[in-house]
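> Sequence lines, in order, name chains A and B. Oh and the first sequence: position 271 is 271 in the numbering used here, straight run, nothing missing. Oh and the second sequence: position 266 is 266 in the numbering used here, straight run, nothing missing.
Mixed in with the good hints, there may be bad ones.
[As the list claims (entries may be wrong)] Not everything, but these chain A residues come out facing chain B in the computed CB check (under 10 Å):
| id | residue |
| --- | --- |
| 1 | Thr27 |
| 2 | Pro28 |
| 3 | Gly40 |
| 4 | Cys41 |
| 5 | Glu42 |
| 6 | Leu68 |
| 7 | Arg122 |
| 8 | Gly308 |
| 9 | Gly309 |
| 10 | Gln319 |
[Said to hold, decoys possible] Over the 12 Å line for every Cβ pair with chain A, so calculated as not near, a few chain B residues:
| id | residue |
| --- | --- |
| 11 | Ala11 |
| 12 | Glu127 |
| 13 | Ala132 |
| 14 | Glu139 |
| 15 | Ala201 |
| 16 | Asn310 |
| 17 | Asp312 |
[To be verified] Per label pair, the in silico range of CB-to-CB distance:
| id | chain 1 | residue 1 | chain 2 | residue 2 | range |
| --- | --- | --- | --- | --- | --- |
| 18 | B | Glu71 | A | Leu313 | 46 to 56 Å |
| 19 | A | Glu171 | B | Leu313 | 20 to 30 Å |
| 20 | A | Ala315 | B | Val128 | 33 to 43 Å |
| 21 | A | Arg138 | B | Leu38 | 35 to 45 Å |
Just so you know, these hints were derived from the structure itself, not from any lab. The C-beta atom is built at its ideal place from N, Cα and C for all residues, glycine as well.
The primary structure of each chain is shown beneath.
2 protein chains.
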Amino acid sequence: MQLPDSIPTPADIADAARRIAPHARRTPVLRSRSIEALAGCEIHFKCENLQRAGAFKFRGACNAVFSLSDEEAARGVVTQSSGNHGAAVALACRERGIAATVVVPRSAPRIKLRAIEAFGGRIVPCEVSQSARDAATREVLAETGASYVHPFNDTRVIAGQATATVELLDEVGHLDVVMAPVSGGGLMSGAALAAHYRDPAIRAIGTEPEKARDAHDSLLAGERITGRPTPTICDGLRAELGPLTFSILREHLETILLADEAPIIEAMRLIWERLKLVIEPSCAVPLAALLAHRERFAGLRVGMILSGGNVDLDALPWQADRD
Amino acid sequence: MQLPDSIPTPADIADAARRIAPHARRTPVLRSRSIEALAGCEIHFKCENLQRAGAFKFRGACNAVFSLSDEEAARGVVTQSSGNHGAAVALACRERGIAATVVVPRSAPRIKLRAIEAFGGRIVPCEVSQSARDAATREVLAETGASYVHPFNDTRVIAGQATATVELLDEVGHLDVVMAPVSGGGLMSGAALAAHYRDPAIRAIGTEPEKARDAHDSLLAGERITGRPTPTICDGLRAELGPLTFSILREHLETILLADEAPIIEAMRLIWERLKLVIEPSCAVPLAALLAHRERFAGLRVGMILSGGNVDLDALPWQADRD
C-alpha cells in the first residue's frame, strides 16, 4: 500500500481539475442573507453536497482513478471506507469502466453499503479494527493486483479535493478565509493548498467536533494523536490525520476551531431551513464553529465548503432525544 | 381590487426580468442521473426552492411591487395569503422600503406567519372564508390606499413567475417539455408563456394532486370549477384558477397530469435523497406526475420548476402515519 505522498503542486491541482471536469459537477455557490445576518460576515457556501455521489469525495476519487495508466486501471481499484469515499470510488471506477472493491467494516450502516453497491462496487466485509481492515485490503491487493486509493493521505486525492476551492475562488473572487471540516484532512488540505496557491493571504481554518478533536490536538502537540474515541454525531469526521495531511495542515492552517454537538445540530438545521439544502451532520461543523467564534470573522468574506449530504432521512438528529 | 389582467407579452416578461434582477436570485439548474434513469428522460430541475423567501413566489411579488409608481408605492401593498406569496410580498416590500400588509386566515400555520413577520410584513388575521378574507382586504385598502397584489391572477405576477422559465431555457437551451405544479396557475401560466414565446413547439404540461384536481377538471369542462375541498398534503396547491390564469392555461397547456398522495411523498423524498434539496410537498407533484406517466416523456428533454422549499422540518410526511 505504497501511497503517492508528495504535497500536491499547483500543476497537480490544475491537472486534477482538467481530469475530473468531464465527470464531476461544477457545484453551485449559494448565500443566505439571514445566515449572514446571524453570522455577521459574508459566507459563500460551496455546495459539495450537490456533488455526484453526494459529497466532495468524488473529486479526489475521480482524480485518483483517472490518474491510473490503462494497465493499472485494468487491474481495478481497492479502497477502505465505511462512508462517502467508498461510494465515490465505486462511481469513479464505473465511469472508467473498471472494477472497484471496497473493504467495509461489518458495523457500517446498510445505507452506505447500498450506495457502494448502487454504483457497482464490490463489498468485502471485515472486522472493525484497523488491523483487520488492513489485512483484508492487503488480501484483495494480492489477489487482484489492483491499485489502492487511500481516502485522504494521497497526493491525487488531495489534489482532487482542492478543485472545489479552486472553483469557489474562481466564482466569487477574493476571500479572506476558507473553512471546511477536518476528518482525515484531505478536504482541508486541498482547500488550504488551493487558497495558498491563489493568494497566500487567504486564511485557512479547519473545524472539528469537540468530541473528535484529534486533529486540533495533533496540531497543538506537533505530532499526530491517534486511537481516541470519537463519540460525535458526525459520522463523517471520525478518521485521523495521515502523515501527509498532517504535514500540510501544520504548514497551512491558521487554526482548527471546535464545535459542540448541540450547536452542530442547530447549524445543520439552519442550513436545511435557510439554504434549503440537505446536508449531513459533519457538513454543518464549519458553520457551527463560525457561529461560536463570530468575533473572529466579523465583516470578512468567508468561503465554506459544504462537504456532503448523505444522511438518513428517517433519523434526523433534531428529532431524536439527545443529552 | 381592480387587477391588471391582460396576458403578459414578451416585453412584459423581459421587463420583469430586468426589474427583478437586482433582487431575485438566478437559481441553479440541477440534474440527477439516478432520477433520470428512473424516469427514462432528461430532467432539468430549476431550483426555485433556492429562491429568496424559499419559493418562486418572490419573482412575481417583486415584479409587482417594483412596477408601482413611487406615489403608489408610498401607500404600501396589501395581499391575501396563507402561504409563500405573503412572505414574498413582505420581502419585496422590504426591498423597496414600503409597508406590506398580509391578510391571513386564522387557520394559517404559525411557521408561515413567522416568515411574513420576519420580513417585516404586518399581519391582519381574519376568518377562513373567502368572503371574510375579501372583506378584511377591502378594509385595509380603504384605510391605507395601498395597492393590491393578487397571488396569481395578475399580469405583473405572472410575468414575474415567467422569468424562472426564461432563465431555465437560457441555461439549458432547447427543451421538449416544461412542467410545473398548478394551484392558482400563476407559475404554470408564466412557464407556458415563456416557453411559447421562445419556441411554440415546447409543450407545457401542468400537474396537480389528484385530491386537488380542480384546474384539470376546469380545463376539461371549459369553465372554472370552484368550491371543491382539497384534502391533499400539498398545502401550496389549494387555490383555484383565476379568470386570467384559466384563459392562459386553456390556450397554452397540452394537459394537466395528476398525481396521487403516496407517489407525491415518494417523489418528494426522492428529490431530498438524490438532489439533496429541501422541497415542500407541492413541489414534488411534477416529478410524481412524470413518473406516473413515463411513457409520455420517454427520451425527451424536460424542464421542471421546483417551486418551493418551505416545509416544517419537524413534520416530514414520510414520518407520519398516513392512510
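> Take the hints in turn and mark each one as holding or not.
Structure-based check of each hint:
no. : hint                              : verdict
1   : Thr27                             : holds (9 Å)
2   : Pro28                             : holds (4 Å)
3   : Gly40                             : violated (18 Å)
4   : Cys41                             : violated (19 Å)
5   : Glu42                             : violated (15 Å)
6   : Leu68                             : violated (23 Å)
7   : Arg122                            : violated (20 Å)
8   : Gly308                            : holds (9 Å)
9   : Gly309                            : holds (4 Å)
10  : Gln319                            : holds (7 Å)
11  : Ala11                             : holds (30 Å)
12  : Glu127                            : holds (30 Å)
13  : Ala132                            : holds (31 Å)
14  : Glu139                            : holds (32 Å)
15  : Ala201                            : holds (29 Å)
16  : Asn310                            : violated (8 Å)
17  : Asp312                            : violated (10 Å)
18  : Glu71(B) x Leu313(A): 46 to 56 Å  : holds (50 Å)
19  : Glu171(A) x Leu313(B): 20 to 30 Å : holds (29 Å)
20  : Ala315(A) x Val128(B): 33 to 43 Å : holds (36 Å)
21  : Arg138(A) x Leu38(B): 35 to 45 Å  : holds (39 Å)
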